[in-house]
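8 protein chains.
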Amino acid sequence: MMKIAANNKLVIVGDSITDNGRARPIGEGNGLGNGYVMQIDALLGAAYPERNIRVINTGTSGNRVRDLKGRWNTDVLDLAPDWVGIMIGVNDVWRQFDGSRLFDDQVLPEEFAATLDELVAVTKPKVKGVVLMTPFYLETNASDPMRARVDQYSRIVEKIAKKYDTLYVDLQATFLKVLEHTPTQALAGDRVHPNRVGDMVIARAFLTALGFEW
Amino acid sequence: MMKIAANNKLVIVGDSITDNGRARPIGEGNGLGNGYVMQIDALLGAAYPERNIRVINTGTSGNRVRDLKGRWNTDVLDLAPDWVGIMIGVNDVWRQFDGSRLFDDQVLPEEFAATLDELVAVTKPKVKGVVLMTPFYLETNASDPMRARVDQYSRIVEKIAKKYDTLYVDLQATFLKVLEHTPTQALAGDRVHPNRVGDMVIARAFLTALGFEW
Amino acid sequence: MMKIAANNKLVIVGDSITDNGRARPIGEGNGLGNGYVMQIDALLGAAYPERNIRVINTGTSGNRVRDLKGRWNTDVLDLAPDWVGIMIGVNDVWRQFDGSRLFDDQVLPEEFAATLDELVAVTKPKVKGVVLMTPFYLETNASDPMRARVDQYSRIVEKIAKKYDTLYVDLQATFLKVLEHTPTQALAGDRVHPNRVGDMVIARAFLTALGFEW
Amino acid sequence: MMKIAANNKLVIVGDSITDNGRARPIGEGNGLGNGYVMQIDALLGAAYPERNIRVINTGTSGNRVRDLKGRWNTDVLDLAPDWVGIMIGVNDVWRQFDGSRLFDDQVLPEEFAATLDELVAVTKPKVKGVVLMTPFYLETNASDPMRARVDQYSRIVEKIAKKYDTLYVDLQATFLKVLEHTPTQALAGDRVHPNRVGDMVIARAFLTALGFEW
Amino acid sequence: MMKIAANNKLVIVGDSITDNGRARPIGEGNGLGNGYVMQIDALLGAAYPERNIRVINTGTSGNRVRDLKGRWNTDVLDLAPDWVGIMIGVNDVWRQFDGSRLFDDQVLPEEFAATLDELVAVTKPKVKGVVLMTPFYLETNASDPMRARVDQYSRIVEKIAKKYDTLYVDLQATFLKVLEHTPTQALAGDRVHPNRVGDMVIARAFLTALGFEW
Amino acid sequence: MMKIAANNKLVIVGDSITDNGRARPIGEGNGLGNGYVMQIDALLGAAYPERNIRVINTGTSGNRVRDLKGRWNTDVLDLAPDWVGIMIGVNDVWRQFDGSRLFDDQVLPEEFAATLDELVAVTKPKVKGVVLMTPFYLETNASDPMRARVDQYSRIVEKIAKKYDTLYVDLQATFLKVLEHTPTQALAGDRVHPNRVGDMVIARAFLTALGFEW
Amino acid sequence: MMKIAANNKLVIVGDSITDNGRARPIGEGNGLGNGYVMQIDALLGAAYPERNIRVINTGTSGNRVRDLKGRWNTDVLDLAPDWVGIMIGVNDVWRQFDGSRLFDDQVLPEEFAATLDELVAVTKPKVKGVVLMTPFYLETNASDPMRARVDQYSRIVEKIAKKYDTLYVDLQATFLKVLEHTPTQALAGDRVHPNRVGDMVIARAFLTALGFEW
Amino acid sequence: MMKIAANNKLVIVGDSITDNGRARPIGEGNGLGNGYVMQIDALLGAAYPERNIRVINTGTSGNRVRDLKGRWNTDVLDLAPDWVGIMIGVNDVWRQFDGSRLFDDQVLPEEFAATLDELVAVTKPKVKGVVLMTPFYLETNASDPMRARVDQYSRIVEKIAKKYDTLYVDLQATFLKVLEHTPTQALAGDRVHPNRVGDMVIARAFLTALGFEW
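Protein chains in written order, with numbering that gives the first Met the number 0: chain W, 0 to 213; chain H, 0 to 213; chain Y, 0 to 213; chain U, 0 to 213; chain G, 0 to 213; chain E, 0 to 213; chain R, 0 to 213; chain X, 0 to 213.
Bear in mind the hints are in silico, worked out from the structure with no lab data behind them. Be aware that one or more of the hints could be misleading.
[As the list claims (entries may be wrong)] Pairs of lysine to aspartate or glutamate residues, derived as DMTMM-like cross-links and limited to a Cα-Cα distance of at most 20 Å, are as follows:
#1 X/Lys-8 - X/Glu-110
#2 X/Lys-176 - R/Glu-49
#3 Y/Lys-176 - U/Glu-49
#4 R/Lys-176 - X/Asp-104
#5 U/Lys-2 - U/Asp-66
#6 G/Lys-176 - E/Glu-157
#7 U/Lys-8 - U/Glu-212
#8 E/Lys-176 - G/Glu-49
#9 Y/Lys-176 - H/Asp-143
#10 E/Lys-8 - U/Glu-110
#11 H/Lys-176 - Y/Glu-109
#12 R/Lys-125 - R/Glu-179
#13 X/Lys-176 - R/Glu-212
#14 G/Lys-8 - X/Glu-212
#15 U/Lys-68 - U/Glu-110
#16 G/Lys-176 - E/Glu-212
#17 U/Lys-176 - G/Glu-49
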């Protein structure tokens, strides 16, 4: 059964996968962008119109967990959410691989874990629920260096979800099942930014965790 | 159970609600536009990756049934579809209301019925299934002149669906249930072109008729 | 007989219907925008050139009465008008219907009445005349929820006009007469923003109230 | 009393003053441009909604009477008008003054008279009425060379109007009355292309000739 | 004989006729704009290359003499000119005619005279020479209201030129000779802003006053 | 004394130095471009308004003499000129130096001479006068390879001018005098395309050959 | 020792990796695009200026070997090359993976081999040398489905190179050595289109095969 | 042998030849611009991937040595480079030739020498190596005024390189060898800004000085 109650507010925060062209300073209504957050809002609005659930997108392209921390008050807590969805980590890893070497200050696992822990710790008591999504890399080869590194960060997300007893969505695992049938090239050109189908894989996993029924 | 089998091709044709910025000459993949057809493709790709269903969009803004007839071979039959979805009629009605008085040649109910009948008749034998959707007008007042007129055309669609035993989706009825909770202004600025939520209402009704399971 | 005397200054203030692309910070001359204010200026300039009446547009898209209050000194009183025209209210209502749910702080009837009363009260003694226009919704069905709500706000406008003995233009009533012959779709795509004909309906009603003779 | 009957079609043809950004190939509805034709349509739609008069604009920037002749069938007669409005002549004169010396082939009075006569002769029997407007030059000094030349062409228009007993609008005379109070610089930057006020002067004179009542 | 000596700096200041698209903050070299100042620079550079005269343009569109005063230090004196050219006045007059009625604060003859006098008084002692150009209106009819008003301002310029013994260029008189052969429409579309030929008329008169020899 | 009589037509043809942004298909009036042809027109219009000389620009960027031949009828003879100005040759040389190695088919001196001779031969008898300008390269070092090559082509131009007794303008010689005082960098960034000053050097030399008096 | 002799012409043809924004219809000089072909030209021009080698780029984005065949005469043979470089195959494979399912007509290995064989067979006798480059996929995991498929096509290229004794560049092997030190994300965002470094890897391998010495 | 060790950082600073469209505030990775710095990075990344050398571009168009001084801390020292490449001087000279006469404050040889000396003095002790490149002017005639002036500044660079025992690249000498075979027009349109080939000449000379091996 759908866990989000009537007139509740759901804020989803993250990186470019969440952002996807949302409006500034706050993405809502027609300003939710073109990604999985828009699909979540559309599915909620179509299937549960009587709940009047309000979805807000505060994803920002390029963000790593360190950036989330910097804007957590403004972009999450100040919005007084009932539910908070968080997807972070792929840029924390990617900057270690893509030659953007100005990032001398990499966000390594220790900092990633400490920061995310802090954000969940401060948020959990103030809301009705938190949904933690793992980062993902659309690569089936588990020994691919970037895949392996993303998995490492995903385990951190999982651990924090357990520690704080939040909802938890293992997007990497979800995608791996789809990748059994669909080539990565048909889901995301760069294995990071999903197209419409990849976004729906996320939306579906997110909503399923919340008890969405078709 | 999902009626569309593995590797089948679904062509959806209609007016601007279907078009929604699709690529030319054929909308497919990233060129499906931003409307309900894209959502249908995303939901099929996410929930049934092993079926590898191919979705094609040949909606064209402004089309009335007369226009569909003119391009039926090129844009539907030549594509060798297994399934065909059709949504038409709102422009046939709208041109009678919006002051585009150059349209001396209105598409009146008789022509609408005859033409749609002809298109379904020629198509049904060549495909595995046809899905007929009614037009709709996001107005709760059944005596509103344009709503009444759209309903008249919807009854024609319903009659043809029965005559040829096609799948039938009464979008007006579907929307009326949502309008009990959501103002028309929050679904479509002009009561004709749905936003993301309105599009999902269509996608959901369409897929439900096909046996889609979440 | 035309009430506005020679060399008088008429300031019209309101929302997007008034704004219509006017110049900033003050709309005048070629910067009056493309709506009813421009038509009023053109009709006055063509029919009463010897009066040299100066028309100024300070409408701002999206404004509700609360916004007018915030800029009343700058955009109305500081301009030292002889006459002031006011059209406000449709956004106060629309925000309650169109899903822009970030507007937690709706402008409800009580605030609407109090604020408009205050603006007229402070203005009336300083000018030769005030023209209060009602908001309107181009919908003939009086029980349509948004139409009913707009009517409620119109009654407030009417009451204030009577209290302060200002000129009063019931635009909803005026439009209803035109809607007997012209479909709403041919006057305003979204029932709110008039096209050239709808704007002239407003200009004509406004000028008639002022004694304009062709 | 308004001479144009219910459901009649009025086609207005001319040069850039008529064109004013109209849609191609035919200007109608929202494609009437931003000039006097749009104002005529707005005034008719607002004051005579029950007549449902259809206004069409086929003015083309830069046209001289010779150009009208070349497109008379396509842009006037083929549209089956009930009423035809014609304003032509200022470019026929202007090309003799503005240094566009490539126009070796000037349209001199003889050709102007013969061509306009021919157009009216062929049109009059097919329609309910013709409205001939004179060209104009917003200059009060009757001995200004271009003003004098425009006056010469206006007399030709007047003569043809009398010969064929059409409605006749002396725009130069109409503007001279306005110019008693309004500087030419406030009506038309180049004394040829009117702004909103100048356009309304034309619309008002045109409609008055047709019996328009406010 | 050319009065401007080798390596001297000539600053020309004025309104849009001088500005003509010059670079900001200072127009020089390829940033002199496309008007008469550019032509003066080109003629000096071509005919007197050994003098290496430096030309600077600080004209600003829309300026009246009051605006010149506000930027006189920055845009004239601080540049340490050897020669200063000044053309001002047409906007001081035009604002009284073109319906820009927001300019309640017209620059009337008294202010024009006092301000220009002050600017010349403070400049003359610091430079080798000042060239005062009259404003002009490309209208041959001396009793045209705007022409008459411009002439009035020109007489003020002439008087100040005599009082301070500066070089003086009567542009109105110069243009009247050209207008004997060339229609005003072939020199300036709005009788104010000259085209390439009109600009050369100015450049030629200016340079002739300075002793330029072909 | 100015050789071009009243109402004569002067056509100037050449490469990008002549073209300089002219209008298509024929550059005249405000479409003369921004180079020396515009300056010639402006100087003629300002100094000889009573002659009403018509200047036409048919230069085309990138042209070599071979290209002129291909369009000589259309762009020169068909325009029925009284006078023809020709500047050609720098691209014939430049293509041999700038690495546009696709031009396997270089225009070598023999072809250059034969083609130009033919063009002058066919033109001379049909017009009142021809003005042949040499190409130029703004380089003072006569042994620079491209300068030497341009000089070679200039000698061909000179020879043809003498053979047919046309007016002759040695632009290279003219520029060398200016280059004694002005660095090449201040006349043309690439030593080929003059700026405003370089263009005036050409205009002045051209007009001087025609007897222009200031 | 550099195999390409003085004044020889090298034509390189391929897909988007070769194209990289080249000019149309033929890329040469400044129109070589921004990829490895431009780098090859730059290195040849800098290191062997005395050879004056001419490099031409006729790569076209999206091409598969079937497309090359369709334009082989126009874009290769008609240009009379001395040397021909060919890189093709990645799109032939990619279309089988990226969901562009409209490509029902995949280019499978048999067709790939037959077509490339034919192109080399017809070309080899007419030129001094052919350089065959393998396609590549910047993935270190040899069992990745797309990498494995690309390898399969590379073996075909290798076989043809041996059969016709052409120069052969195994780009996959070359890149694998670089990938030991550089993550794929730092060479090509999508593992297909190299950045500046990846392009130089290609240019270096290509030139080394030709005997280039630094 | 390549002098730059693994994981070292090379900062190259200079004028527009270095800048070439780099990203702000710091050019790195895909933001290195399109010139010789990008080529150096590509060659290092392709030939020495195991060294992971980081290249940073802080060139700024229009800079003279005086400008470098103003931003030396921010744009060089603060970046903690291991190696610094410097190319400066051509604008210091050019401003003396190109008529940008606003530059009253020319950077003459004395200031050039003193400033560059100061920059090298402060930098040398903090880094592993400095590479000083001379400015250049792609002109073979040593007595050309601007060439001679550039040579004078190059001698200053050479002297400072010797004084501080830095690496030294005589780009003028390097280019003169290429100019024996390639016309200046095929290397740089204005003899200052190299095209792709000219840029590679610089990259090759720079890397050769550092011991680069192909």
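Of the hints stated earlier, which fail here?
-> Failing hints, ascending: 1, 4, 5, 6, 10, 11, 12, 14 and 17.
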